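Q: Here are the chains, one letter per residue:
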Amino acid sequence: MSVDINFMVGGEAGQGVQSVGFILAKSFARGGYYVFADQDYESRIRGGHNFFRVRVKDTRVEAIAEPVDILLALNKESIDLHQGELAKGGIILFDGEKIEDISGDGNFFSVPLERLAEEKAGNKLMANTTALGAALGLVGYDFELLDKVLREHFGAGEIGENNIKAAKAGYEYTRENFKRDFDYRLSPISDTKRMLLNGHEAVALGAIAAGCKFMAGYPMTPSTSIMEYMAAKAKDFDLVVLQSEDEIAAINMIIGAGYAGVRAMTATSGSGFCLMVEGLGLAGITETPIVIVDGQRPGPATGLPTRTEQSDLEFALHASHGEFPRAVLAPATIEDAFWLTIKAFNLAEKYQLPVIVLTDQHLASSYSTVGGFDLSNVTIDRGILFSPEEAGEEYKRHRITKSGVSPRAFPGQKGAQVATDADEHDEAGHLIEDAETRTQMVQKRMCKLIDLKKEIAPPQLYGPRKAETILIGWGSTCGAIREAVDILGQEKASVNLLHLSELWPFPAEVVAEALSNARTSCVIENNATGQLAHLIRAETGKEVSGKILKYDGRPFTPAYIVREVKKEGC
Amino acid sequence: MSVDINFMVGGEAGQGVQSVGFILAKSFARGGYYVFADQDYESRIRGGHNFFRVRVKDTRVEAIAEPVDILLALNKESIDLHQGELAKGGIILFDGEKIEDISGDGNFFSVPLERLAEEKAGNKLMANTTALGAALGLVGYDFELLDKVLREHFGAGEIGENNIKAAKAGYEYTRENFKRDFDYRLSPISDTKRMLLNGHEAVALGAIAAGCKFMAGYPMTPSTSIMEYMAAKAKDFDLVVLQSEDEIAAINMIIGAGYAGVRAMTATSGSGFCLMVEGLGLAGITETPIVIVDGQRPGPATGLPTRTEQSDLEFALHASHGEFPRAVLAPATIEDAFWLTIKAFNLAEKYQLPVIVLTDQHLASSYSTVGGFDLSNVTIDRGILFSPEEAGEEYKRHRITKSGVSPRAFPGQKGAQVATDADEHDEAGHLIEDAETRTQMVQKRMCKLIDLKKEIAPPQLYGPRKAETILIGWGSTCGAIREAVDILGQEKASVNLLHLSELWPFPAEVVAEALSNARTSCVIENNATGQLAHLIRAETGKEVSGKILKYDGRPFTPAYIVREVKKEGC
Amino acid sequence: MVAMTDYAGSKLAWCPGCGNFGILSAVNKALVELNIEPHRVLMVSGIGQAGKLPHYTRCNILNMLHGRTLPAAAGAKIANPELIVIAVGGDGDGYGEGGNHFIHAMRRNHDITYLVHNNQVYGLTKGQASPTSDLGFVTKTTLRGATMPLNPLALAIACDASFVGRGFAGDVEHLANLIKMGITHKGFAFIDVLQPCVIFNRKNTYNWYRERVYKLEEETNYDPSNKAAAFNKAQEWGEQIPIGIIYRKQRPTFEEQLPALDKGPLVKQKIEIGRIEELLDEFL
Amino acid sequence: MVAMTDYAGSKLAWCPGCGNFGILSAVNKALVELNIEPHRVLMVSGIGQAGKLPHYTRCNILNMLHGRTLPAAAGAKIANPELIVIAVGGDGDGYGEGGNHFIHAMRRNHDITYLVHNNQVYGLTKGQASPTSDLGFVTKTTLRGATMPLNPLALAIACDASFVGRGFAGDVEHLANLIKMGITHKGFAFIDVLQPCVIFNRKNTYNWYRERVYKLEEETNYDPSNKAAAFNKAQEWGEQIPIGIIYRKQRPTFEEQLPALDKGPLVKQKIEIGRIEELLDEFL
Ligand SMILES: Cc1ncc(C[n+]2csc(CCOP(=O)(O)OP(=O)(O)O)c2C)c(N)n1
Ligand SMILES: Cc1ncc(C[n+]2csc(CCOP(=O)(O)OP(=O)(O)O)c2C)c(N)n1
Ligand code: SF4
Ligand code: SF4
Ligand SMILES: [Mg+2]
Ligand SMILES: [Mg+2]
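Chains as they are written, first to last, in this note's numbering: chain A, -10 to 559; chain B, -10 to 559; chain C, 1257 to 1540; chain D, 1257 to 1540.
Hints are supplied without guarantee of correctness; some may be wrong.
To be verified - Subject to a maximum C-alpha distance of 25 Å in a straight line, what follows is the list of computed BS3-like cross-link-like pairs (lysine-lysine):
#1 B:46 / B:137
#2 D:1526 / A:339
#3 C:1396 / D:1442
#4 C:1285 / B:403
Treat the hints as calculated values from the structure; they're not laboratory data. If you're wondering where the values come from, they're calculated on a predicted model, not measured in any experiment.
For reference, chain A alone in the conformation it holds in the complex (with noise of 0.2 Å):
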């Protein structure tokens, strides 16, 4: 028998629901399991309804699922709010003593988590605590790699060993009093390791291999958690994390360091990014190595700040004014963020132009089991570099080559003018007013794209290599659509996937040939306008038959997506 239950943890902001999902998660993975699990919140710090979805399975997992197996209910309104999403006889875990009037549907467990908590603990606030002791109680998971988990989180002191007495108090109590009532079993399967991380996690760290020295950021939701990781290795990983004034400054910090010939970067969402995009073209025009992750939420403006979305491709895609080369990036899974930051990197600097990683609130914030990163495949491309002691000839910035590609020099080194410029400038980096020059620049920097798209890994087809119905994503919503491939494959529809997540250049031929093979296509979207469904038209001229589009500011599952395509017969 295979394991696929889904676990919910909801509260109020300040209840201490992202905690418990974590520890929750980080549980079963340490048994083995692989697991994912995202989180829904609003934009505030007490009150509201916030939950934290975890997964578990015994093989692997990149989404969240539907039904909810078992729900921690930390208050009332997520009983109120959840009881609908509940599986055939899910499981309600909630205080009795506290929570009231209760009916409808579920199998209600009760636990005073409050009186526990304050009884065992000393103190009523991990009541939060308790109830996650209480929900692996109930499954009869093994408490000592919770104990071990709690050590971890909340440190070797007194607060770490009252939540953990906490704990024990409520996985002693559903053992006792459930026994009968719930058999159902999950224990450890294997000591396997794997990591558990989120998507900012991976980029993070993913920089960091890549030898990225400078970051410089302004806080904005999803994106702030990058800064944040970052900074907390600063000291240990000679690295510099500078929170600047604004998201100007720090797209104009990270060129004057990469001028300088330090690998940087800078992390944001929508709003900060509109406040990039001259600067982006500044290092178009420059030919400055940057990266810029842009972690999409839903717009225009503030929009949904703590939501997600995939509604900047085409405004990456065309971003500020004039014309430059670029590289536009969507990782698709949490893996491939990691490698894919390094990536930007390497394409940075080989190609010296400015690289976008799209993510988005729900890559950023989910977890998942990743089997590690073999940092024996991580490379460190630089480009071609000048050193004026061995060229011994006159060096100019802007070079014109065949390949577009000028040999770097950085400021400091004796024998080297390093001189560029915002306006138009010659090959020596400085302005000029010329018509044919002009053309030259153009012509030179906009070859680039040539060679930077042969770098372009072909988006991979998931599912039968030919099928009646293709699907095609990108960035996020890989995980989802992947195993909506796998449900409707199972059911014996004939579909398949295309999932992009190197954009731009844009891969138009496998495109086009994947298009070509199906009967009918449909693109699915993390937006309401089908963002890339316009830019495969203007790639490859089709249409694609289909849309499955969704703007709530909520993530896809893949249960909801077979639905979509059922719907749309395509």
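Starting from the known structure of chain A, fit chains B, C and D with the ligands onto it as the hints suggest.
A: What follows is chains B, C and D with the ligands alone, placed relative to chain A:
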């Protein structure tokens, strides 16, 4: 015999090239001629090389032409640089006492400009006015007309009088000395009054006519002229013109004013527009009417500050994160600039969204004779307004309606709380977190595109209704392409033009049909990537067969287009 | 008569105990005591916890982008000077993202009131350092402590803001009074409000502030019209923190220097197309 | 020994008589007198007439966007603190478009020198008012006269800039000296330079400045370490305009507080992939 004669005034910045050229153009316009004039100048205040071309015809003219008939060379460099552009038998008018070592092509007519200016006007700096007089003397034009224009330009005082003396000296000199060498005559042909104005004056006039009462902007070539024109009229026309600290302030100021119920605009160029894109999205989500003029110039970044390009099209279409409706207009001619600016304000208020007007340096600073604007054709459509006294119901700024347009109330009215938010909000304008409201609000906003699209005038065909080759252009290139079509037509080529000046929502059906009717098609764009071609493919699936692209910062001439069309074989 | 109930707005989303509640009370109290009907007031706010304030009242609301309150407030005031325009934002919003607008709006002296909820931290984004975080303040982005803070009052005086005040969210009475003076002041009235954030700022707490604040009104020989004295006063931080009016100077507002407004608010002026003819003629 | 010829750059595009020539001479003179080789210098400039200066020297050049000199200068300095970083821009560039960076760069105290060519007008865009245009200065965008100017020195002192000076383009000797002190100063050295624009500013001419400027060094009892005195001094404008060092204070630079730089410039540090293993393990 038809008249078609090209003057060019060349000299360095500070020598008065601009005023000589303008007065020349004005004098001919006053004599009943059609005039088209353009300017070429560097990004500096003194020195370098500038020129001003004035084409004079007895029939409608909307583009510059290539060979120069009469070159007024205010310095030696002008001869060196432009000798090669002279028509057969073309004339160079210069000061032989200052410029020596003359050789090469051209009929050299030396006039002691500085000496005459010194002798007759007591100021050798007026040599440029002397050159002006000399040029008009050469073609035997009516001095009275020049006299009047000079008086208007320099005022009735001493400076005016001296300029007239300087001009007179030049006029008489050429009349006396070159009567026999040059017998081409240009006399006033009628006293039909035509306006002579440039593209940004037309935009500013359009804005004032449309009832724009507030303009905020930050200086940026080529759009500063709009702000300066409006500032000059502020007192008389009850406008407020505010030079802000930066472009971010400018757009947010007009959002404040637009929200408060006043027609408001800003004007900038690419760099400044970059800084406005976050505000653009804010206007989108708050449904605030605003008009933004982006006077394009070569990018990226600072690029070529005083030159022309059409490279912000795709950026304008996709600028700002998230999705919201907008309109993008790109005046094709100076007349168009007036009417489309008015339309921009009407669309902005009727659909409560941002409207972007794309001009460029070429349109902005080229002058042309215009028959006049029939003000009885001006309509002011402020869209649906809500008046609390009459409506007697609770006011909701973002009420969901079938058309997506909610009646507008302005703050300050008793009985209507006017609330809106950069965050996603409910009908009343208060921020929300739930999926349903979000979905409804996105749909409400996006569905405005349905009616908005109906407002877009279909692009007009120029030339034969059916032709083998269809040329496709947008914005300021219209005049040059039309003339190219005429020339090709005379040469019996089967060519016509589909020219777009209302670009978004995109008139896909008309474009698709026009493309279907032709064997080959070719876009003509002042950019390097063929942005319109990309847009056409995205919107119609059709790929144009050719692209004539120019990105050296200089405008197209009809002859250039003719040559390229023949070369491309399209 | 306007009453507090006239200003009751939508459900609050601040944390229990947050200093913002005090500011909200003070704002409403000031408006009620000045007997200003809600529809005459426009509140323009930024993004952040502070920026939510207008939604909790019942006046007109323009909730802007992060950092962009002041330009929009100025634009709206120019469009309709009859509106009482109050701009509201956080310290990150106003002194970080919006710093440039801040100094220029003061210089131009728009006739608006500007309240900055200065909790010395980024609240809504969960606790990063703000431009006013105390030197050495440790956050997730400043693990080795925040750099030298900005001194908003000194900055305002350097920009010759025509009204510079500081209030404390823990003293609603005093703050309401200050806001009343700000609203009735002709010109840019800037009020920095010390606002405890009970979640992310465990240093500058109610107690911390309470132990330090003292009222300038009670200092007999303090003269807020003396710029030099005001600048010195603005340097006080640490043991002693002055609240009240730090600096005040009468100078022409931006709006009163606009001839276009002589005929009344722009929003009420008719669009007269006919008169454009004059302009067209100039091009003949 | 470094000589003036080492700094000779490309053809100049300023107007004859422009104050920028004096500034250029002073910059080169300062660098030569400090015996700094051009390759050790990075000049970061904005867009405007002032922004062209670096092209007329021979050091490394990063000519940025309008208003964005300071962030890039800071980024480059952090990447390679061995560079002598000089930021150059106009008054519009630095106090208008770049105002926010200005106040925050001073607050953080990056170890760079910042020269503002203050011609009190927008030169390159042909004569609009700038944030420092004198009150009432008439331009095509301010037909009724410019609004209250910004006082950059007062602003700098309010931000506790660690070195605040003013020079005059008409006194190359004095200016070169000031620049030398700025370059050798550890921390943010801000120098506002009075720069006649002979084309668009017919008010603040060489003569106008000459009649007014006086050297603070010659005032025996002026103490630039006294903040209050400096603030008062910064108010002087009109009849008497002080030049020289207005304010100076030693405080830690941003860069020296970065532990990552202890091992040398970032640009020279190796990328050690191996060590990442430690980080990955934390997620197990
Ligand atoms: C352009 C932009 N950058 C960043 C953000 C994210 N953001 C939202 S609120 C905030 C800071 C809040 O701090 P503050 O202004 O002090 O307000 P508080 O929450 O403390 O009241 C930030 C950085 C944004 N919405 N827009
Ligand atoms: C974002 C942006 N806005 C506007 C401009 C246009 N612009 C170029 S230089 C300049 C102002 C120049 O004034 P200042 O900085 O004082 O320099 P100066 O020419 O007087 O030395 C402006 C507004 C620009 N290049 N970029
Ligand atoms: S996080 Fe701080 S500022 Fe925000 S509501 Fe809570 S207590 Fe107030
Ligand atoms: S316009 Fe003024 S600032 Fe610019 S170069 Fe000429 S004199 Fe100098
Ligand atoms: Mg704050
Ligand atoms: Mg200037």
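Q: So, for every hint listed, does it hold in this structure?
A: Each hint tested on the structure:
Restraint check for residue 46 of chain B and residue 137 of chain B: the C-alpha separation of about 21 Å stays at or below 25 Å, so the hint holds. Simply put, residue 1526 of chain D and residue 339 of chain A have alpha-carbon atoms about 18 Å apart, close enough for the 25 Å limit, and the pair holds. A C-alpha spacing of about 28 Å is found between residue 1396 of chain C and residue 1442 of chain D, which places the hinted pair above 25 Å, so the restraint is violated. Proposed proximity of residue 1285 of chain C and residue 403 of chain B is supported: the alpha carbons are some 20 Å apart, at most 25 Å.
When the structure is compared with the earlier hints, a violation turns up for hint 3 alone.
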